[in-house]
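Asker: Here are the chains, one letter per residue:
Number of protein chains: 4
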Amino acid sequence: MAAPRAWAVVAGVGPGTGASVARKFAQSYSVALLARNPSNYEPIVKEINNGGGHAIGISTDTSDGGSVANAFKQIKEQIGGQGKLVAAVYNVGGRFIRKPFLELSEGEFESGWEANGRGAFHFSQQVIPLLLDAVEASNYPPTLIFTSATAAMKGSALCASFATGKFAMRALAQSLAREFGPKGIHVNHAIIDGVIDIERTKEWLKDAGPDAKIKPEAIADTYWWIHTQPRTCFTNEIDIRPAVEKW
Amino acid sequence: MAAPRAWAVVAGVGPGTGASVARKFAQSYSVALLARNPSNYEPIVKEINNGGGHAIGISTDTSDGGSVANAFKQIKEQIGGQGKLVAAVYNVGGRFIRKPFLELSEGEFESGWEANGRGAFHFSQQVIPLLLDAVEASNYPPTLIFTSATAAMKGSALCASFATGKFAMRALAQSLAREFGPKGIHVNHAIIDGVIDIERTKEWLKDAGPDAKIKPEAIADTYWWIHTQPRTCFTNEIDIRPAVEKW
Amino acid sequence: MAAPRAWAVVAGVGPGTGASVARKFAQSYSVALLARNPSNYEPIVKEINNGGGHAIGISTDTSDGGSVANAFKQIKEQIGGQGKLVAAVYNVGGRFIRKPFLELSEGEFESGWEANGRGAFHFSQQVIPLLLDAVEASNYPPTLIFTSATAAMKGSALCASFATGKFAMRALAQSLAREFGPKGIHVNHAIIDGVIDIERTKEWLKDAGPDAKIKPEAIADTYWWIHTQPRTCFTNEIDIRPAVEKW
Amino acid sequence: MAAPRAWAVVAGVGPGTGASVARKFAQSYSVALLARNPSNYEPIVKEINNGGGHAIGISTDTSDGGSVANAFKQIKEQIGGQGKLVAAVYNVGGRFIRKPFLELSEGEFESGWEANGRGAFHFSQQVIPLLLDAVEASNYPPTLIFTSATAAMKGSALCASFATGKFAMRALAQSLAREFGPKGIHVNHAIIDGVIDIERTKEWLKDAGPDAKIKPEAIADTYWWIHTQPRTCFTNEIDIRPAVEKW
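Chains as they are written, first to last, in full-length UniProt numbering: chain A, 1 to 247; chain B, 1 to 247; chain C, 1 to 247; chain D, 1 to 247.
To be clear, the hints were calculated from the coordinates, so they are not data collected in a lab. Keep in mind that the hints are not guaranteed to be accurate.
Note that identical chains are pooled: a pair holds if it fits in a single copy or bridges any two copies.
[Unchecked claim] List of simulated lysine-lysine pairs, DSS-like, C-alpha gap at most 30 angstroms:
#1 Lys215 - Lys202
#2 Lys206 - Lys246
#3 Lys206 - Lys76
#4 Lys246 - Lys154
#5 Lys76 - Lys202
#6 Lys246 - Lys76
#7 Lys246 - Lys99
#8 Lys154 - Lys206
#9 Lys183 - Lys99
#10 Lys246 - Lys73
#11 Lys154 - Lys73
#12 Lys154 - Lys76
#13 Lys154 - Lys99
#14 Lys246 - Lys46
#15 Lys206 - Lys183
#16 Lys46 - Lys183
#17 Lys46 - Lys154
#18 Lys215 - Lys154
#19 Lys73 - Lys206
#20 Lys76 - Lys183
#21 Lys84 - Lys99
#22 Lys99 - Lys215
#23 Lys202 - Lys73
If we strip away everything but chain A, and leave its shape as in the complex, we get (with noise of 0.2 angstroms):
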């Protein structure tokens, strides 16, 4: 497939993981990059644009399913009659909310299912009709992701808010999976265990060696090396932690 006709979106592109993973897809694809704040996603559009590559940014509330539908028109026109959608990624977590159960207000309870549920079902509802449209040109199968964390492995206390969102995404995955694998859809749930190194995090973990905190371009490299697998052997769910995270 000719790079300019195939592209990837990002969902949830900021300074960390979701910049890492637009640069790398945009070494092959054109790139749609969603953030609720387009200061979150210029700065990558940019570098894309001014690299070689071919990026575009759409401010999106992924919680909200007009604005979804509306990045999606865009995109669509975007892509045009000759291009596929070959890959995407939902990578939109929300707040990390912790704080005793009795105080959670409303708001802050559902902000966690806000970003990891509702979001992750508009993002899905309208990539998967694409991705579906792309599974006979497509290099690698269409591929969907969604990064999650430990939090949709265990319920811990004082974060009723972010778990019941990261479990709530995990079903979803699944459930994505097994109806759109058989389709030819990769979908792909990644536990991502461990703090990631950016600049918000630069003075977490300092005794704890140089390798504590994940990089978001091996997150990327990882992601991308999904997206390539054959049809033959898919992986719906992978984690990732430092060496030395305590898991």
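Using the hints, position chains B, C and D against chain A.
Answerer: Just chains B, C and D now, kept in the frame of chain A:
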């Protein structure tokens, strides 16, 4: 504790598990029974009161924080200054929707969360302060049980709505167990794996033998038994299935 | 079923869980108690018989098929033509070895399997035919319970021997539950997650409060309750932990 | 690291996964291939050496500690003072026995453990010191991969032997990952969920489409990719299945 002053509350009372649980706990406690539609709790409220027990019913929409707050205002008035709430069962499951993912409306998808996530949140925020208040006085550790399902463990194809809801419920139950167990509250996530034997399922599994469906009375006995476990021996997750069930 | 003709067998009887389980089941059944060293079962055999119950003890090495066969030859003679074996508890855990992997001898590594895998196999092969034979006559579904541990769910560092044994025990319990559940036998894998409160652990967790250790009597009550669950409502895996336990 | 001095070892080399993994790793490393029966490794040893790579074969019974020690004595001689062992794959699965539990002989039951537990222990004890010795010098983190199966996650009826073995293997892999990850070794438990596409399975799943079986080359690519993950981003468990597989 004298029977008249110890209370249990059951949310999601219909003809199956809810009524059986109400009947069982009403042998020892006054019971407050919640359902959206009064026709769901009226028969069992009448039955318990006619049989010498004590029950009240309150029309409640658990997905609506105001409705739940209003129900508990009434419950607290009934309990009065001397009573204690010592057991709570969240038995709201919502609709089971089996449908291709791309045909799910936002409302259909969201309904799993509304019943199993948001509703469980509202209920938990109201009951936990009451249960905490009963820790010293109660014969048995104050107990909060969530009725869940196999869908809490596996996201099957076509079941994205129900599975996301039940996964979220499991996350909530784990988070609450870890936060409030050390404070003396027994939180349990009960995985009901099989068809429940009620009027509506009368024609189901007719060829599978007399014990192929779960008797709601047996679920109620299990819930009561969980409630009576001492602080030194809590069960935080239990599975229940007929002997003949495939799993 | 008249008490004198219904039997339970407990393998792995020492001063903790085994003795408590024996005491509990001896309230309803004759009990056969197995341990390698007679000094482990003699006190509880004497106690039960002095208290009006009926117990026998048989020195048995469960890792040795011949020894187990010989024990069951004696048990069958005791049960006689009219009795039935209706409950069996495999409570052998073996040594808990915590050691750097590279320092484990083959014998040390293998000991986890010997107790939890091979021993459970021998015991199961002997008891299952007897339990099957009791399905029609027994008040409660004939029951086979395996005492397991957190190590069945997580392979921690330095615990390779115990974890491989307990994982294997869980696999065996699941396989047996799925094969013999439909034939009327209730198989349960009991995850004991915490320190058991016995003489040997008297000094442990002294600062963690009065309920920080699991009372063996509470485990015995749980096992008895599992045994009484009807065919329509089997629990195949249960976790047990103190309210204050981290998990 | 110069190719001639970096080595990989693969235990359990037959015509399927083992040969493909050998071929893949031989593109970068010298490889030592172990199998009980030399006829299993001889074709691939010859193929690799004829193709410009470097392979040796050693007849080894992994369930026998002496045999494994002897094999590694030869491997260490071949590696010499300047080489390093940087990757190890334990691909021994043993017989898959599907049989009613009560018909299993002790030898049949035990065979699952022998291949997946005891054999994995012997192999791990020999390779881990060599991998530790390579941490500083190796391009990629020294890697130990265990080929596992769905049976590591679920104990099905009639599969007690295989399931106990694979559960034990998973426990061992987790324990080793947690002990040796912080020391720089990447341990992975690979759940192969499906039929592998080899000569022996040629007639299987013929109606399920061209991609219904897992290509061993795809497994080998996955293993190699795991090997290349950096210290900051280890995957400790991976599942692999065909797009059309039910799970």
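Asker: Does each hint fit the structure? Answer for all of them.
Answerer: For each hint, the structure was consulted:
1. Proximity of Lys215 to Lys202 under the C-alpha cut-off of 30 angstroms is restricted to the intra-copy arrangement: shortest distance 12 angstroms within a copy versus 42 angstroms between copies.
2. When the C-alpha separation of Lys206 and Lys246 is checked against a cutoff of 30 angstroms, the pair qualifies both within a copy, at 16 angstroms, and between copies, at 27 angstroms.
3. Within a single copy, Lys206 and Lys76 get their C-alpha atoms no closer than 44 angstroms, and across copies no closer than 38 angstroms, so neither meets the 30 angstroms cut-off.
4. In the homo-oligomer, the alpha carbons of Lys246 and Lys154 lie at most 30 angstroms apart both inside one protomer (14 angstroms) and across protomers (12 angstroms), since each shortest distance falls under that limit.
5. In the homo-oligomer, the alpha carbons of Lys76 and Lys202 never lie at most 30 angstroms apart, since the shortest distance is 38 angstroms inside one protomer and 43 angstroms across protomers.
6. In this assembly of identical chains, the alpha carbons of Lys246 and Lys76 never lie at most 30 angstroms apart, being 43 angstroms within a copy and 32 angstroms across copies at closest.
7. Taking the closest pair of Cα atoms, Lys246 and Lys99 come within 30 angstroms of each other both inside a single copy (23 angstroms) and across two copies (18 angstroms).
8. In this assembly of identical chains, Lys154 and Lys206 lie within 30 angstroms of each other by CA distance both inside one copy and across copies; the values are 26 angstroms within and 28 angstroms between.
9. Taking the closest pair of Cα atoms, Lys183 and Lys99 come within 30 angstroms of each other only across two copies (16 angstroms); inside a single copy the shortest separation is 42 angstroms, beyond that limit.
10. For a Cα distance limit of 30 angstroms, the shortest separation of Lys246 from Lys73 qualifies neither inside one copy, at 44 angstroms, nor across copies, at 34 angstroms.
11. Taking the shortest Cα distances, Lys154 and Lys73 never come within 30 angstroms of each other, neither inside one copy (37 angstroms) nor across copies (33 angstroms).
12. With identical chains, the CA atoms of Lys154 and Lys76 are never at most 30 angstroms apart, being 38 angstroms at best within one copy and 33 angstroms at best between copies.
13. Both within a single protomer and between protomers do Lys154 and Lys99 lie at most 30 angstroms apart by alpha-carbon distance, with minima of 16 angstroms and 27 angstroms respectively.
14. Proximity of Lys246 and Lys46 under a CA criterion of 30 angstroms is satisfied in neither setting, with 38 angstroms inside one chain copy and 43 angstroms between copies.
15. In the homo-oligomer, the alpha carbons of Lys206 and Lys183 lie at most 30 angstroms apart only across protomers (18 angstroms), although the nearest pairing inside one protomer, at 46 angstroms, exceeds that limit.
16. In this homomeric assembly, Lys46 and Lys183 never come within 30 angstroms of each other (Cα to Cα): the closest approach is 35 angstroms inside a single copy and 40 angstroms across copies.
17. For the homomeric pair Lys46 and Lys154, neither the shortest alpha-carbon distance inside one copy (38 angstroms) nor that between copies (41 angstroms) is at most 30 angstroms.
18. For a Cα distance limit of 30 angstroms, the shortest separation of Lys215 from Lys154 qualifies both inside one copy, at 23 angstroms, and across copies, at 27 angstroms.
19. Within a single copy, Lys73 and Lys206 get their C-alpha atoms no closer than 44 angstroms, and across copies no closer than 41 angstroms, so neither meets the 30 angstroms cut-off.
20. For the identical chains of this complex, Lys76 and Lys183 are intra-copy neighbours only, at 21 angstroms inside a copy versus 48 angstroms across copies, given an alpha-carbon limit of 30 angstroms.
21. In this homomeric assembly, Lys84 and Lys99 come within 30 angstroms of each other (Cα to Cα) only across copies, at 26 angstroms, whereas the closest approach inside a single copy is 43 angstroms.
22. Proximity of Lys99 and Lys215 under a CA criterion of 30 angstroms is satisfied intra-copy only: 28 angstroms inside one chain copy versus 32 angstroms between copies.
23. Proximity of Lys202 and Lys73 under a CA criterion of 30 angstroms is satisfied in neither setting, with 38 angstroms inside one chain copy and 46 angstroms between copies.
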